[in-house]
Each structure stands twice: as structure tokens, then as C-alpha cells.
Amino acid sequence: SQELEQSPQSLIVQEGKNLTINCTSSKTLYGLYWYKQKYGEGLIFLMMLQKGGEEKSHEKITAKLDEKKQQSSLHITASQPSHAGIYLCGADPQVNAGGTSYGKLTFGQGTILTVHP
Amino acid sequence: GAVVSQHPSWVICKSGTSVKIECRSLDFQATTMFWYRQFPKQSLMLMATSNEGSKATYEQGVEKDKFLINHASLTLSTLTVTSAHPEDSSFYICSAPRRTSGFTDTQYFGPGTRLTVL
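One line per chain: the protein sequences are R and G, in this order.
Letter 112 of the first sequence, counting from 1, is numbered 112 in the working numbering, and no numbers are missing.
Start counting at 1 in the second sequence, then tack on 1000, and there's your number in the working numbering.
Derived from the structure by calculation, the hints contain no laboratory data.
Glycine is no exception: its CB is placed at the ideal position from the N, C-alpha and C atoms.
Some hints could be false.
[Unchecked claim] FRET-style restraints, in silico, Cβ to Cβ: (1) 66(R) to 1061(G): 29 to 35 Å; (2) 22(R) to 1060(G): 24 to 30 Å; (3) 53(R) to 1073(G): 27 to 33 Å; (4) 3(R) to 1064(G): 45 to 51 Å; (5) 15(R) to 1042(G): 26 to 32 Å; (6) 40(R) to 1062(G): 18 to 24 Å; (7) 1059(G) to 57(R): 31 to 37 Å; (8) 58(R) to 1028(G): 19 to 25 Å; (9) 1022(G) to 13(R): 37 to 43 Å; (10) 1063(G) to 20(R): 37 to 43 Å.
Go ahead and model the full structure; you've got the sequences and the hints to work with.
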């Protein structure tokens, strides 16, 4: 089975600082998701990466998948208190080359981000 | 806006009673939905795959007679926790894949249901 390891487990930063969260897989990633969760709430989809070397950005958040497709990073630029929450990477072990998902995700343990104003 | 909804958002029940949680895909059909469970300060653990028109598939260690799943339509899956006990108290989240571009599916999650069993 595929295992995902996230680092760090928790992160406390001052508003305005940049930060990076890493997600490392024990197997090749064919579909890697990044989600954000507020405690006690559902998951908010951030980005999905499929191709080696792929990079996507949305507002101040950038996610990358390395060429070997075993590690992904999530980078937040100029963090704000609104960025605080739990960041989860999830892998879909059954995404085929065409991108069809057979759906069940395995998640990393999560990274708790706190941003002090 | 939300693409997957859950109802109720929270429920408190007495030990021994059954609780039904609904998961709906909004504006799209989902032949497959997934049910996850999350304990405090822990990540999500997949419980089962809900399949429209056929039986659900349960992950190892999940009691199928305890957690009944019914995929009633292409937009609705229900999870019933039967004879609930305090150890069933948890945060239950469903997800559904939605085709976003080309042949790519994205898993969208519901807002979750917090179950507390007294």
C-alpha cells in the first residue's frame, strides 16, 4: 500500500513569511492532491498534480511534483492568518495514465499551520 | 461553491441508537462515493467505497454490518451507523470524484458530520 509522509507535522510562522510543506511517497505518485482543512470542517481542494515536474499555482500557493513523482511540496508565499489550518496531501493510487480516478485516497498525517499576525 | 454536501453537520445520539448521514453530489452525478473517518488530530482514514447499483466495498477492519452504506441514486449515498457506541464518535466525511477537465477526476469532499454518541 502507498504511504505518505508529511513534514513538518506542525509549523508556526509570522504573518508575511514564506513556508514549505513536503509530502513524500513510498511509491510513484500518479495523482497527488493537496487539501486544506479547518478543524472540524471538510476538506477544501487546492490542487492536483499528475505529471513529473508539474507545478501549479493558485493565488499565493504553489505546489510542485518532482520529476521522479515521489515527492511534492506546497509553498505559501507571504503567509496570512487566513492560510492557517491543516494541510493534507492525498494520493490516488489508482489514477491511470489518462487521468481517470478510481478514487480512494490515502492521506498523509497532515501539517498544522499556524500564522501569527 | 460547495460541490458535495452532507447532512446533518452534527448529531448527538444515545448509545444503542442508529444514525443516518447523507452525502449528496451537487450538480453532478457520482457513481462512486467514498466515506472517510477522522479522529481528533488525526488524518482521514478511508472506511468504504459506495457504489451506485451495487454493494459497498469496505476497507479492512471496518464492520459492514455496523456501517451500512446505501447508494440510493447517482447523487446520494447514505452511511448508517447502527447501534452506535461512544467509540463510534468521530468526524465522518464523504467524497465524490468529479470530472474537471479532459479525463481528469478531482475528489471533492463534503463538509463533514460530527457524530457524538453519549
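Here is what the structure says about each hint:
1. 66(R) to 1061(G): 29 to 35 Å: 33 Å, holds
2. 22(R) to 1060(G): 24 to 30 Å: For residue 22(R) and residue 1060(G) the Cβ distance comes to about 28 Å; the hint holds.
3. 53(R) to 1073(G): 27 to 33 Å: 41 Å, violated
4. 3(R) to 1064(G): 45 to 51 Å: This hint is violated: roughly 25 Å between Cβ atoms.
5. 15(R) to 1042(G): 26 to 32 Å: 28 Å, holds
6. 40(R) to 1062(G): 18 to 24 Å: The hint (18 to 24 Å, Cβ to Cβ) holds, given that residue 40(R) and residue 1062(G) are roughly 22 Å apart.
7. 1059(G) to 57(R): 31 to 37 Å: 34 Å, holds
8. 58(R) to 1028(G): 19 to 25 Å: Given range 19 to 25 Å: holds, Cβ gap about 21 Å.
9. 1022(G) to 13(R): 37 to 43 Å: 38 Å Cβ-Cβ, so the 37 to 43 Å window holds.
10. 1063(G) to 20(R): 37 to 43 Å: 40 Å, holds
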